[in-house]
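Taking the hints into account, I'd like the entire structure generated from these sequences.
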Amino acid sequence: MRKLLKESLKRARSRSPSQSQPTSTATGSNQGPGSILSPSTVGASPADNPTTGTGIKSTSGTDSSGGAGAASLVPIIVEPTETIPAPGQKTQNAAWNELRRSLRVLTNTSSTFPQLSSAVESVLACLAEFEDTTRDREDFEDLATELTGLANTLNQQMVASASTLMSDSAESVAISIKRQTAEIRERLERMRTGGIRDARADEEELVKHYRLIESHFKQLQTNVSMSTWSITNEHLVNTRLEGLRPVMQAAYDSSISTQVSRRCCKEGTRTDVLAGLDAWLDDPTSWPIYWMDGMAGTGKTTIASTFCERVEKRKLLAASFFCTRSSSDCRDVTRIVPTIAYQLARYSIPYQAAICKILGQSPDIGSKNITKQFEQLLNEPVQQVKEAISQHILIVIDALDECDDRDGVERILSMLFKYAPQ
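Each residue of the sequence shown is one higher than the one before, starting from 558 at the first, in this note's numbering.
No lab work stands behind these hints: they were computed from the structure.
Do not rely on the hints blindly, as some may be mistaken.
[Said to hold, decoys possible] The list that follows gives simulated cross-link-like pairs (lysine to aspartate or glutamate, DMTMM-like), each with its CA atoms no further than 20 Å apart:
no.: 1; residue 1: K943; residue 2: E728
no.: 2; residue 1: K735; residue 2: D835
no.: 3; residue 1: K857; residue 2: D958
no.: 4; residue 1: K943; residue 2: D840
no.: 5; residue 1: K775; residue 2: E698
no.: 6; residue 1: K735; residue 2: E703
no.: 7; residue 1: K857; residue 2: D835
no.: 8; residue 1: K857; residue 2: D810
no.: 9; residue 1: K943; residue 2: E771
no.: 10; residue 1: K870; residue 2: E728
no.: 11; residue 1: K765; residue 2: E698
no.: 12; residue 1: K975; residue 2: D964
no.: 13; residue 1: K823; residue 2: D810
no.: 14; residue 1: K943; residue 2: D839
no.: 15; residue 1: K975; residue 2: E932
no.: 16; residue 1: K765; residue 2: D699
no.: 17; residue 1: K735; residue 2: E688
no.: 18; residue 1: K775; residue 2: E703
no.: 19; residue 1: K914; residue 2: E944
no.: 20; residue 1: K775; residue 2: E728
no.: 21; residue 1: K925; residue 2: D964
no.: 22; residue 1: K823; residue 2: D835
no.: 23; residue 1: K765; residue 2: E703
no.: 24; residue 1: K925; residue 2: D962
no.: 25; residue 1: K765; residue 2: D839
no.: 26; residue 1: K765; residue 2: E944
no.: 27; residue 1: K775; residue 2: D725
no.: 28; residue 1: K765; residue 2: D689
no.: 29; residue 1: K870; residue 2: D835
no.: 30; residue 1: K823; residue 2: E866
no.: 31; residue 1: K735; residue 2: D725
no.: 32; residue 1: K925; residue 2: D961
no.: 33; residue 1: K929; residue 2: E967
no.: 34; residue 1: K735; residue 2: E686
no.: 35; residue 1: K765; residue 2: E740
no.: 36; residue 1: K870; residue 2: D725
no.: 37; residue 1: K914; residue 2: E932
no.: 38; residue 1: K735; residue 2: E944
Structure representation (structure tokens):
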């Protein structure tokens, strides 16, 4: 702008025969004699500078007859000023806006999977308030950028897949995302009503929830990427898993459950026990084994069946084996681990891929002793894919005292206590 003004002044002066008493008039302007635009005028608002959007006349001499002193129009346009964002704010806003765009695209892509689409929408609903709360912290831009990358990758995977299988494990992850957003909303509400006493701690708690959402997105990526493999290799998967000879009647809700009069708790009963089980399952710091004992006939199996039903609705029931003397297979302790491995492979696609690879190398592992079964069918594949599986999945084994082999029961308990903490 300054260069333009200099050149304009030179041209105006070169056409003037006399510069002894120069005058300058700005049409409709309050500028004083001899001035065209000062730097402060360039930055003025339209209300302060009535010449905005017009040409500014610059004259030399006093002759207005069109001779040597005639006015020449200098084409200078002053644009209305815009609000300049604070340092870092423009980039931060762009990061959050890009995240919104990515999540909206993912919502449309995942519309055929209601749980996933609903989870993404719940994240979108929290963004505006979260952004406002953390606006002054530039480090949150990294969080938005990372979530954007994960959402874009997940969207690309779903678009590229000819078909996608949404397993119970993947649905449980989507449900977990919604639970995190619900906790975020509760935290934001407390921050609004509780003042700024613990603002920093509240912000860190919010970030913790968003980091968990970030890890859930990574789990979904793994599930979606592996689902194509599972569909393509469906025949191979079925053949290898059926080679484990799982006991189908051992599931909590199998047909044999009616034959042995297995039932769930009546509505409104055992509420304290069930609430305690729910709290244990949802607490990431709790001991990984919940041991329920009591005298025969006190309702342990009824409680276990009820808990299985409740947790299955949340897509967190990975496997169940209910022992009973009414079935030779259901009281055979050597069939417990292969059956749990089979059900877990149906529950989680990443685990399915890992165990199918192991079965390809050792197809007869299901007939080995309990120690080898546990190590190769459960511990090894779970360690490979534990980042892709929810922390809160449930495996229920009921009535071990009804198995025939007491030594076998001791071995399986030993393996559980050894590997469960891992």
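- [ ] Assess, step by step, whether the Cα of K775 is no farther than 20 Å from the Cα of E703, and give holds or violated.
- [x] holds (11 Å)
- [ ] Starting from K914, check that the Cα of E932 is at most 20 Å away, please.
- [x] Distance ~15 Å between K914 and E932 Cα, so the pair holds.
TODO: For the pair we were handed, K914 and E944, check the Cα-Cα distance against 20 Å.
DONE: With a Cα-Cα distance of about 18 Å, the restraint between K914 and E944 holds, given a limit of 20 Å.
- [ ] Starting from K925, check that the Cα of D964 is at most 20 Å away, please.
- [x] OK: K925 and D964 at ~15 Å, within 20 Å.
Open item on the list: Would the hint linking K765 and E944 be met if the CA-CA limit is 20 Å?
Closed with: The given pair, whose Cα atoms are some 17 Å apart, holds under the 20 Å limit.
Open item on the list: Need the status of pair K735, E944: alpha-carbon distance at most 20 Å?
Closed with: Measuring from Cα to Cα gives roughly 19 Å; hence the hint holds.
- [ ] Take a quick look at whether K823 and E866 sit within 20 Å of each other, Cα to Cα.
- [x] The given pair, whose Cα atoms are some 13 Å apart, holds under the 20 Å limit.
Open item on the list: Just to be careful, I want the Cα atoms of K775 and E728 compared with a cutoff of 20 Å; is the pair within it?
Closed with: Answer holds: K775 to E728 is near 14 Å, not above 20 Å.
Open item on the list: K765 and E698 were given as a pair; does the straight-line alpha-carbon distance stay at or below 20 Å?
Closed with: Judged against 20 Å, a Cα distance of about 15 Å means the pair holds.
TODO: Verify the proposed pairing of K870 with D725, using a straight-line Cα cut of 20 Å.
DONE: holds (10 Å)
TODO: Take a quick look at whether K823 and D810 sit within 20 Å of each other, Cα to Cα.
DONE: holds (16 Å)
Task: Proposed proximity, E703 with K765 (alpha carbon, max 20 Å) - done: holds (14 Å)
In summary, the structure agrees with every hint in the numbered list given earlier.
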